Structure formats: structure tokens, C-alpha cells
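K.L.:
Residue numbering for the sequence shown is 278 to 1232, as defined by this note's numbering.
Calculated from the structure, these hints are not laboratory results. In this text, all values refer to a predicted model and were calculated from it rather than measured experimentally. A few of these clues could be false.
Pairwise CB distance ranges (calculated) [to be verified]:
| no. | residue 1 | residue 2 | range |
| --- | --- | --- | --- |
| 1 | L507 | S411 | 21 to 31 Å |
| 2 | A549 | R762 | 49 to 59 Å |
| 3 | R1005 | P412 | 37 to 47 Å |
| 4 | A821 | A847 | 17 to 27 Å |
| 5 | E750 | E815 | 45 to 55 Å |
| 6 | P702 | A827 | 33 to 43 Å |
| 7 | R566 | N492 | 34 to 44 Å |
| 8 | R566 | P694 | 52 to 62 Å |
We treat Cβ as the ideally placed atom computed from N, Cα and C, and that holds for glycine.
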Amino acid sequence: MNRPAERDPAAATLGATRRLMWLLVVPMLLLLAVLTLLQWRQLQADARAQLERRVDERAQELSALVRPAIEHVDDLRTMLETLWETPPDAGPALRLALAPRLVHGRPDGWSLDGASREQREQLGQMWWAPPDGSPPPEVWLRRAQAFLTQARVVHRRSAAFEATWFAGTDLNTSFGYPWVATSRITETLGVPSLTAIAPLRAQATARSRVRLEANPFERARWGPPYTSQLHGGLVVSYSAYVFARGDHVGEVSVDVRLDDLQERLARWQDPAGRDWIVDEKLQVLADSRQAPAAPAGAGQGNRVVTLSMQERLPAGLDRAQIEAALRQEGRPLQHEGWVIAAQARKDSPWAYVSIVPEAALTARLLPALLPNALIALALLAMFVAGQWLLSRNFVDPALRVLAYLRELSRREDAPAPTVGARWQPWLEAVRETFRRQRELQRRERQQEAFKSAIVDNALAAIVATDPEGRIVEFNPAAEAMFGHRRAEVLGRSVGAVLIPERYRAAHDADMQRLREGAPLRPMGRRVEMAALRADGSELPVEMAVWRVQAEGQVHFIVSMTDLSERRAAAQQIEQQREALRQSEKLSAMGSLLAGVAHELNNPLAIVMGRASLLEEKCADDAALRGDVQRIREAAERCGRIVRTFLNMARHKPPERRSVQLNDLTRAAAEMLAYTFRSHGIELLLELEADLPEVRADADQIGQVVLNLLVNAQQALAAQEPRAGLVRRVRVATGVEARRENREPRVWLRVSDSGPGIAPALRDKIFEPFFTTKPEGIGTGLGLAVSRSLVREHGGQLQLESGTDGATFRLSLPISGERDDATEPGRLGPPDDGPAARLLVVDDEPELADLMRQMLEGAGFEVATAESGAVALELLGEARFDAIVSDLRMPDMDGAALWRAVRERHPALAGRMLFVTGDTLSPGAERFLAESRCASLDKPFARDDLVGRVHELLAR
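Could you put the whole structure together from the sequences, leaning on the hints where they help?
P.N.:
If you want it as C-alpha cells, here you go:
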């Protein structure tokens, strides 16, 4: 008889344990399910309450957001109504800045378009356009300035305000802050001029009065969205009526930027849903996913923009559900799988609308049920783990090994547990595995630390990308160089972040070739290229690219160095070299001027002296005396020109007096009249009447004007004659408008109809020895000398751009008052004594004889000597009261003669007058400073020589 097979005790025990487990676990699981259902309903109620609170808070914030605009407009309206009859006087700033406005040469009211930038920042804008074109009366200027002052203060602390304006009703005027060009205002309104706004203003006033008659208690209102006159973005306006003496006199309004609402909504939005801010007509003011934008052309004529919410709602929702949600005042409304919540405060014109998918809300609630699920799993695990047979054979040893693993993961010297022989090999394997793993981790951490330190502290920008060109590493040097934060660029395309737009196509092509396996051309080599900063500016960089492979994937490492400072340094070095070359040119010019002056002074002195003597001899013949006088004046002018060159070379300030720029211009024009006529060139003078005088050296400024006219004549004369060619030179003068902290200036402009100056040569024409004229005509010194003379007078000489032909503009400051003309000294000896005895020393006999005749004609007794040695012999034989000597002479020059006189005749050493044409040389300057003797530059006039001698004798 077969006996039944004995059941395995372990299996029997396991079966009994399982039955007991189900008897205990199922009731607990049912209880857990009931509790979970109740918790689910409570979570749903809490989610709705949280949504309702959030909508209420947003509605309250919107109410607080509009309150500053309402209070701002109410304050301005109250101020105008209070001060309407007697506005305060804030000074003449607005009246002085206001200027007539011209449209096509005709008057078009008054505005601040011509004001300076500082005045615009301070005053804003005011325009006044009555039909008769009269300026605004004082009371309106005071009202406007009081309004603009208060508006400016509020705008500087309220970033959300776009503009604040007052518009009159019965008068065509408006003023507001900040400044907006009147051309933009007329363009926005679709009218050609400010005076054309009057009909539009009348229509708006009529509409306002109809609205007031229909609702006399309405004193303010919010308008629909419209495009801004300042930047073209969307704004919404809040307006209030202004009453004075019971009459409606205008409206005050403030424009609130909708981009500020958009920024707030971006911070409020629910990531899973969609939010809006709408007005009373459900026009969208802000959208969490699609910012409202003005359509093209929305600001022309009709500035109002329709932003319907119906077009922005998802499928299954329409305007009716939004209106129903608003009527529920924040309580959530469910429709077609959406939860809708909307609310608007009674004191706010805007409402907050939020829609969230029900599925998103459910997904948020599910994690709250996770503890219940974990509890259920823990119950099952507990009962399973409670089976003692399994625990004795497997669970306990496994738990000991697991504990050992955990302890071994924390410290290396963890004690090994006591386990059976079955578990000992596993224990040894775990111990060896952990040891090797720690060693590898230690090496890996060390390498990572070294690499991180190298990358993070590298001076060069290091950027790593994956094969698709996405950034995977961006070191601190790259952040500093390009202005991007590492977290912002990780995962983005390197081409979109660092490559300028014009190079991205080539960059994408290179990346495609790399993905196809082709080698990169600049791999491992340094290449210079342009890179892009975060602000959109470009910078030159030196780049090197390497290919690395990590975990089977190819990456590219790019090292970049900023070349901006290196190139700036090279440019600065080049500029310094150019400045050194210019300095060498000017030094050469100074040497040339010294030589020219020395060679011209002696013959000019003879011509001037002889002409003076001949003029006295021709006193009876008026015609001949006139010819001689013209010779003398021409020689004196040559002498002044030579002295001008010397003064410029030695940086000596010119002697100035009050002169009339118009007179200098007419004189230069008369001098060149024949030359202009002979070349068929028309010379037009447009000189402003009552031009103020300037304190300047007449000869120097006359030389500049003459040089500009000669340049214009030579440029036109060089043109080949052709049909339709008009050779014309236009000369105009005027006065610049007075600027702040700057005295008034007079200007002269010389324009010709010639070919002009090539753009490549505009920066070189004022360089010494540079000329655009053919060889033999120009020296290259005219404009360089002219600019130097003008700068010595505190003025400017510049070439104006954007004109046909060439136009040079000269401007001079008006400084000081007219100098009183000094009286000429006496030409004869003192009336109460004998004639003074003078010794004239000069190696040129003709010049010595000329000075003798000049001085004898003045009543002096004169002896001459042709050298310093002869002069010393004469001094030993006779008595002399003073010595007139040339400074440069062969054998013994004037300096050696003075030292000998100081030793032998000390009384005469202080009464020596040196005449010379070479005071520019350093030796002459040092000697005159050492001896403290008087000097007279050649050429000189008879009065100059006699006057200096009288001064010498008076010591």
C-alpha cells in the first residue's frame, strides 16, 4: 500500500505563512483603500481652494497695480483744477526752450523739438498750435511746467508708466512727459501738421462731452490697448476729465506698459495651464504663452488694437465660459476637461483668468497618494519577510551581508559578519570588489579634480560640445568672455550662442562634415575668427579645436583667447607712431619756417624802411605817395605773415583785438575778385548782418579765410569745362546758438561746387605737407597752418561731410571786449634835452643806412658800424646813449657784442636793442631771456623802431 508522500516542512510552513498573510493583509488593504478614497476627495477640495486663493491674490495684486496710475492721474487732475487760474511761476526754462515749428517752411505752432537733450529730459514735450500761430501765453506755460514737473518726478520712480499727457479741449495744445517728437505725434495721428490736429481734437472733445452728458458722474475711464508713440509696444491708457470754473477744459491721461503686465504674468503663470489678464471687454492685456503684440501698421491713423481672447482660448472653450467664471468671482468652473477660475476686484478694470487641465490637477494630486501605496507594499513585504523558515536559511544571512555592504560603502575597515560557509565566497567577492572600486574612484576623483581645476582656472575660454554641436561644458573664463551663464547655455547649439549670424551657415556645414567622418580643417591649429557676446556685440578671438572621445562618444573641445586687448594695443602703437611722424613733420616745418623767415626778414625790412622814407619825400605828389603807400602796406603785410609763421612755430599766442569777420571776408574776396572772374567762377557772399565782433588777430584769421578761398578757386579751376558745369563758391557767416556752459561763437562756411574730397583723404588733408593739388601748385601747409591758427584762437576748422563739393567750416569763440588802440610813440627826441646819440650795428650796409635815416629823421644823432669789433672801437672813442644791433653777424654776433659791452661799458648793457629775423632759434631765445634786452623782429616799420628806441632811453 502506497503511503502518501510527505510534504516538505519548509513548503508547508511557507504555505501556512502565505494563508495567514492573506487573512491579515486583505482587511488592512481594504481599510487603506477607503482611507485613500477619502484623502483623494479632500485633496481635490484643497486643490480647488488653493486655485481659488491664488486667483483672489492675483486679482488683488492687479487692483494694487492699477492704483498708482489712478492716483497719479487724480493728483495731476487735482493740481490743474486747483492751480488753473493762478499757476506758480517755475522760471523761464520752458519759455526759453519752446521754439516755432516749421513744416515745409511754414509755421506750424510751437514745440520743444529744438530743445537740447538735457532740456528734453527735464521738461518733456509741449506743443501749441493755434490757428493764428501766436505763442502760448504765460499762464499756459506755467500750467504746463507745473504739470511736467510733477509728471517727471512720478515717471522716474514708476517704471511701468509709459507717458503722461494733458490735452486741451478748446485749444489745440498738449503737453506731457517724456519727450516725444511732434513729427511722430502727427504721423501717429495721420495728419500732416500740428495745426491739422485741431479738427481731431474738436471731434474728441465732442465725444467726451456726449459721454459726460450721458453719465455726468463719470470723471475717469480706462481705454483699450493701443500702440505706443515711443517704442511701438502696447500700452493701455487711464484718463480723467479736468474741470475749471465748471467747464470741461481738458483731459489728463497716463499710459501703462503692457509689457510690465506680461512680466508679472510670466511670474504668476501655472506651468501646466494658461493665464491671462483681460480688461472689462475681455481684451487680452497679457498672455502667459503668447505676449500681445501690435500688428503691422497698427499705429497709423487708428492706434487702437483689438486683442480678442476668443482667438487665444484652447479648443472646447469660448468667451461664454470665461464670462461665467467671472460671475462666480474666483470659484473654479469645470468645462470640457478644463478648470476655469477668474476674478476681478470692483476697484480694478482688469481681471485675472486662469485655466488648468483637469488631468494636470490630477497628476499633481497623485504623488500625495504615494505614501498609501508604499504602506500597502510595506505590509506585503513585512508579512513575506516574517516567514521564519525563509528568514533562518536566507533572509538573516542576506541581511547581515547587506548590512556589511552598507557599512563597507561608508568605511573600509568595517568588520565582516559571521555567516555560514555558503555565504563566505560571496562575502570575499564583495570585499575585493569594493576595494577595487574605491581605488578606481579615488583615481577618477583625482583626475576629475585636476581637470576641473585646469578648466575652471584656465585663462582661456574653454567650451566642449557633443557631436551635434550642443554645449556640454562652459568654463568661468568663457562666462566672463561671452557674458553667458553656464546654466543658460548647456544643451544649446554652440552656433546659436557663440557664432555670428553671417558665419553660422559655414559652421553648420563643418559640423555636418564632422558627423559624416570628415576631418576638421582647423583641428589642432590656431585660427583667428569673430565670436558673439551675449549682448550681440562681436569680439575677435584666437581659437583651437581638439577632438576627444569619452565613453564611446566623440566630443569637441574649443579653446578661445580674446584678441581685443591685443588688437587695441597694436592700434594704439600705430596711433603713437603716426603721432610721432606728425611731430617730425611739424618739426621739419618749424625748421623750414625759421629758414624762410630769416631769408625774408632782411629784404623785407629794407623794402619797408625805404618805402617809409620815400613816402615822406613824396608828400607833395599825392598819386606817387599813394603808390608808395601801397608798396609799404604790402611789405608790412608780408612782414606780418612771416611773424605769424614764427609765432605759430614757437607756440607764441597771437596779439588780438576786436575784429569783424565780415570785413576780413570782404577783404579776401576783393583781393581774389579778378582771379575768380578770370577763371569763370561765381563768388557768392551770404554774410549775416550785425555779426558780433570777435577778439582775434586780424592778419591770421584773414590768412585762414584767404587760404580757404584760394583752395576753392584752385579746386574749381582744375575741373575740365563741360556742359552744365556751374563753378560757384559760396561764403556764408552766422552766429551759433548759445549752448550751456559755452560762450557764443561766430562761424564762416566756404562751399564750392567742385568734385569734393575723396572719403579716404578726409582724415589726411589737415596733415602738414599733404596736398591733393598737382605738383607745383600746393605745398601741403595751407590747411595745416590754418587749423593751427584757428586752434590758437580757441576755434575749430573742419571739413563738413554729406555735402556736394567741399565745405569747410570755421568757428571762433567771442571772448573779451574791444581793445583800445595804443597811441604811437613820439618820433623825435625829448623836448627838454639834447638829441640822443645812437650806435647802429649791422653787417648789411644798406640795412644799417636805412635804420640811420629812420632814426635821424626822428631827431637822433646816429653813427653806424658794420661789425661788432668796429662798434667796440667807436664806443671807446665817443659817448653813446643806446645801441641798436643786429643779432646774427659774422665774426662777433650780437650776443658776443653784448657781453663785451657789459664788461667795458656796463651802463650801456641795459640799453641795447637787438633787431633780428631769427628769434625762432633756441639760441636766440635763450640769449634774449638771459640778457633781458629789448628785441625787434624784422621786418619792422619806422614807428616800431623809433618807439622801441624811446622805450630804451626811458629806462
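K.L.:
Now look at each hint and say whether the structure bears it out.
P.N.:
Status of the hints after comparison with the structure:
Distance hint for L507 and S411: a CB-CB separation of about 29 Å, consistent with the stated range 21 to 31 Å. Restraint check, A549 to R762: a C-beta distance of roughly 27 Å breaks the suggested window 49 to 59 Å. With their beta carbons about 38 Å apart, R1005 and P412 fall inside the hinted range of 37 to 47 Å. Evaluation of the 17 to 27 Å hint for A821 and A847 yields a pass: the beta carbon distance comes to about 21 Å.
Between E750 and E815 the beta carbons are some 23 Å apart, a value that contradicts the proposed interval 45 to 55 Å. Between P702 and A827 the beta carbons are some 36 Å apart, a value that agrees with the proposed interval 33 to 43 Å. A beta carbon spacing of about 37 Å between R566 and N492 agrees with the range 34 to 44 Å that was offered as a hint. In this structure the hint that R566 and P694 lie 52 to 62 Å apart at CB holds, the actual value being about 59 Å.
Of the numbered hints stated above, those contradicted by the structure are hints 2, 5, listed in ascending order.
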